[in-house]
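Those sequence lines, one after another, are chains C and L.
For the first sequence, counting from 1, position 210 maps to 210 in my numbering; every step adds exactly one.
Position in the second sequence counted from 1, then plus 1000, gives you my numbering.
This list has only true hints and no planted wrong ones.
Some but not every residue of chain C turned toward chain L, in silico, with C-beta under 10 Å:
no., residue
1, Gln335
2, Gln339
3, Pro342
4, Ala344
5, Lys348
6, Lys353
7, Asp357
8, Ser399
9, Ala403
10, Pro408
Calculated directly from the structure, the hints in this document are not laboratory data.
All values reported here derive from a predicted model rather than from experimental measurement.
Glycine is no exception: its CB is placed at the ideal position from the N, C-alpha and C atoms.
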Amino acid sequence: MSQTTISVEALFVYAGTKQLLGPINFRLMAGRTLVIMGETGAGKSLLAQAILGTLPDGLRSSGVIHLNGQRIDQLSPQERSRFWGREVAILPQEPWRALDPLMQACAQVQESHRFVAGLDKQTASTATANDFSTLDLNGAERRLPGALSGGMAQRVAFAAATAASAPVLIADEPTKGLDAERRDKIISLLAQWPNQGGALVAITHEAFVARQLGGDIMVLKSGTLVENGTSEEVLTNPRASYTQQLLDAEPHSWSKQPAVKSGELLLCAKNLCIWRNNTCLLKHFTLKLHANERIAISGPSGVGKTSLLDVLAGIRSPDEGHVTRMRSVGHTGIQKLYQDPPAAFPDKVPLGKSLRDVAQLHGVEWSVVSGYLSELGIHPSLMERRPDAVSGGELQRISIARALTAKPAVLLADEPTSRLDPITQRETLAMIAGIAKERGVAVVLVTHDLDIATKWADHHYRLDSVLS
Amino acid sequence: MSHTQILANTPQQRGLNFARLLGLSLLTGLALCAVMGPELIGIDPARQSLMHTLQSPSAAHWLGTDHLGRDMLARLLSGAQLSLSLAALSVFTAAVPGTLMGILASWRGGWTDRILTLFADAVLALPGLLLVLMLAAISPGSWWALYAGLSLTLWVEYFRYTRQRSRVILSEPSVEASRLLGFGAVHIVKRHLLPEIGPGLLTIAAFGAATAVTAVAALGFVSVGIRPPTAEWGVMMTQLLPYWREAPFLILQPVLCLVLTVLALHLSVGVRKPA
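Extracted from the complex, chain L is given alone in its bound form:
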């Protein structure tokens, strides 16, 4: 029994309460829109039409058009695709090595543990966005710099959480019993570690994805991340900001998308019932 479980919500604690259900359905909806949306509406998000700028929603343009006459819905969907896939990719490539390194550190202990922890602490010492900015400076406007920066920042949490929890679990009699019975590392990871740390890792993944989505938009907004003309929520916010008086509903759209995505990710973890 651990008293330092901040993130480890057990399925019972998570429950399938209203908040979590809402978060999960919102997230599924957003993901479906991002995957199939651009295909379904079939409008090129980059096609300009200078005769029809800053239009209100209509049958032809469901969410109106921006200052260059581009279809807002097409741009939002394409932005969702970009943000969500970038988030999913960076979370995945942070989670797998982070978790494995955490297990390795707690398993081997000694110098392995010390070196890995030192490395993790060094990364943690840099403010998250700084690393992303440094990489973005090397290759301005490219998605891979963003992705690499995010992934390199996010893995630390998986490492620290896994290492901390695994150290406790690996010292339990049940693990000793399994070793005496002749089981190897794969069994111990599969039966002892993953069932215990899995729920906590999912929580970190959801929060990490929210961080990634926000970071992509924030960097786009200050023009150091994804560059125009790519449809990206942060870039759209910057571009539509000058028109907020004439067409407030336009800038509201990417803002709402960002808020909804982050909200959905946070709610999907579930709200822990008070003890």
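Here chain C stands alone, though its shape is the one from the complex:
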């Protein structure tokens, strides 16, 4: 009989008197998987933080948590920190940000083996070498995290987190910001964890991840449990309408956006070639962009999608070929949406101030801008906040409003929804399609999701890696 590794009874999280999460109950055996699914803001990460004892200041939790037979909820954060890595390991969101940027990859893993697992220097370095070869990280040992790809950095973080072979692994949004190939790789890595006798708690907003990992599933919505059961049951036959909504929001179940009649020619790219480090990323790429048109460009990471957008935007010049901007497209007629919305705004400036600057520069009345904002469902009170105090989905919509203020003819969107949860992703892309249709804006969408590219766009260009 397998033993319970982690159990949570009547867990609540409060901010002051306001209840943010709860009640949550679950019990996880060794060798089993629990997927916690829900959109952004559902309280998935709060649950992980409550278990680890790392809730942000001002939040408190109540309830009973047992970890490997020990009751831990009453321990102080210092006492709980002794369990990290030893009893419970965490793979953080976007793990490349959790690695020390000034330390070689192998040193970071070795550090875990030595100081968390308590091995001596020799054994630790053998164990590290072992990890690197089993995780297919050969050659990455001496690199700094900045020189690793997203998928590699994630595997390094995985090795560091699991070095002390904690029986419980919590993976927070393991697939966020990864392309399909890397996504599959990390999922298969995580799927091995229960087979080796560990217990896995995976936090995700993608039904896809839940389907691949199997096990049990809990669906959360605004801090409360909506549905739970085995993942087969819940994913094929959901009882709650919210679960159904989450499943419908997956790109492969979208209905195709109706095609729109395209207008005048705006931008013409002929025979573009783009090189990076003596490798030709793109060869003889030709594109004609008309008003109202929606074009998708897809392909794996590192294939030159972003460079292509930069060439189209005129930020970078192509190595061969040329881009012709029609006269009707002014010098601010091409605007861009970014993958990481917080990085697209100056972070110390309130959003309202940023937008007012743009309105003033382009001679647009503020009432017009607030019109865009309300159309996109943004509450005016958000304008007083700084970019980091607004959710990713809201911020992406605010950046759409900012781009519209400059009255663009062409909108270039670089993976604008890859960091958003599926429901928000669908809404945001529908809004962008609406803008293309109603305002005669041409949109070029870069995405790594083939489903989105085929369902959303009128035309789909698929770039393939030259290297493979």
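We have chain C; now place chain L onto it with these hints.
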């Protein structure tokens, strides 16, 4: 997000904690004394009275008199005026060009960056006081040589810090977005760069001012900076040193003034909360 923020304390990290409050109030007090003090007490710091030398504090002379019977309070205040204004002036004229050159180097890159960095490294290669001493040798005892020397040493830090931080910020998507929206350099400096590097620059300025105050006193003390009979803390220390047995409270006064000023400047930056 930068991981090399050694100096960039955000307002949250600075907080308005006790240490910072103490530093800021001390600094305000010192500055007020330096600006208004000499006027208020109305005693000439150079007036000698050989009948009343090395006196203890009294109603007529609140902090006593020195070996030539000059009023200590008047001399300390006049010394504070000299040190603080020299520090403020050299920090200001180091900070503005240093910051602007840092922005220029990171903005233009290429040869501009290389030449400016080479220049900064060349200045950095000279030990700070050596440059001041060289200039002081050209014009012994004059305040402007001190000022020019200090300013020429201090600008490098602003340059290096601004260049390093700006390079990261200018490559962020937010700056690209602003350019695509049609904004020019002024907007990018005002909205993207200054809010990010401002707090760090203030920290460098406070430390730079402390360096300047110490350097002025140190050069005065070894008789290569400001010359007697000007009332300057370092000069006062040298002059009162022979009398430390008879009147220890006299030499203690300029020393304490120097310590308090440097302490106030350092505390005013705030103590960073441990992460």
